[in-house]
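Enquirer: Okay, here's what each chain looks like letter by letter:
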Amino acid sequence: GDSVTQMEGPVTLSEEAFLTINCTYTATGYPSLFWYVQYPGEGLQLLLKATKADDKGSNKGFEATYRKETTSFHLEKGSVQVSDSAVYFCALRETTNTGNQFYFGTGTSLTVIP
Amino acid sequence: NAGVTQTPKFRVLKTGQSMTLLCAQDMNHEYMYWYRQDPGMGLRLIHYSVGEGTTAKGEVPDGYNVSRLKKQNFLLGLESAAPSQTSVYFCASKPGQGYEQYFGPGTRLTVT
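For the protein sequence lines, the chains are A and B, in the order given. If you read the first sequence in the working numbering, its first letter stands for residue 745, the second for the next number, and so on. If you read the second sequence in the working numbering, its first letter stands for residue 332, the second for the next number, and so on.
I should point out that these hints are in silico values taken from the structure, not numbers from a laboratory. Fair warning: this is a prediction, and the values are worked out from it, not measured in the lab. Ideal placement from N, C-alpha and C gives every residue a C-beta, glycine not left out. Treat the hints with care, since some could be wrong.
[Unchecked claim] Derived contacts from chain A toward chain B, CB cut-off under 10 Å, selection only:
id, residue
1, Q750
2, K804
3, G805
4, F833
5, T840
6, F846
7, T855
Kindly produce the complete structure, drawing on both the sequences and the hints.
Expert: As structure tokens, then:
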């Protein structure tokens, strides 16, 4: 079945450091890929998405490129801020005959220290 | 707009008790989902609905039932709670043709 594997955390970085969180996926079809962010005590929010191979999703300085050949969707940011501290989830959306289903990775906790 | 709301925010149950979690959305979304979030396991889909009056099983449906009698509401029921159902439960909704899920704030359930 479909699944998402993402880098285990926690990750601790200094402010302005470069961030990479790895995500790979397994899917039978042609899924859409997402990164969601969860701040403490809140629900998940969509950070960025890519709907087909070679698409690049970007938002708030974060980027991820849909790589079909390596089945990957790694999240990157050039210079992190304290406000980026959160848990990041990689997810895929598969369309089945009963509708859209989403599969989430286990989440990577990021802490940015001043 | 309130977006997606969940009731209650916290609940403690004894083993064997029953309860219903309510999810409500005011965005006229077709799809609604119930997930549970456990440490080290991310979010796992329990049940979902593609429209009023429909439901479908997700990855971990056992021990839960759902109903979508009205488009704006999606109820998650636990008939006989077990300690293994201690978790944080998130509801989400999505427009029929859209990609983004909108999540509620979560319900923290403890079963003793």
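Enquirer: With reference to the structure, classify each hint as holding or not holding.
Expert: Results of checking the hints against the structure:
Hint status for Q750/A: holds, given a least beta-carbon distance of 8 Å to chain B, under 10 Å. The interface hint given for K804/A is broken, as the beta carbon of that residue sits about 15 Å from the closest beta carbon of chain B, more than 10 Å. Checking G805/A against chain B by beta carbon gives a least distance of about 19 Å; that is not within 10 Å, so the hint is violated. For F833/A, the suggested interface contact is upheld, since its CB lies about 6 Å from the closest CB of chain B, less than 10 Å.
With a least beta-carbon distance of about 9 Å to chain B, the hint placing T840/A at the interface is held under the 10 Å criterion. Hint status for F846/A: holds, given a least beta-carbon distance of 7 Å to chain B, under 10 Å. The interface hint given for T855/A is violated, since its Cβ lies 16 Å from the closest Cβ of chain B, which is over the 10 Å cut-off.
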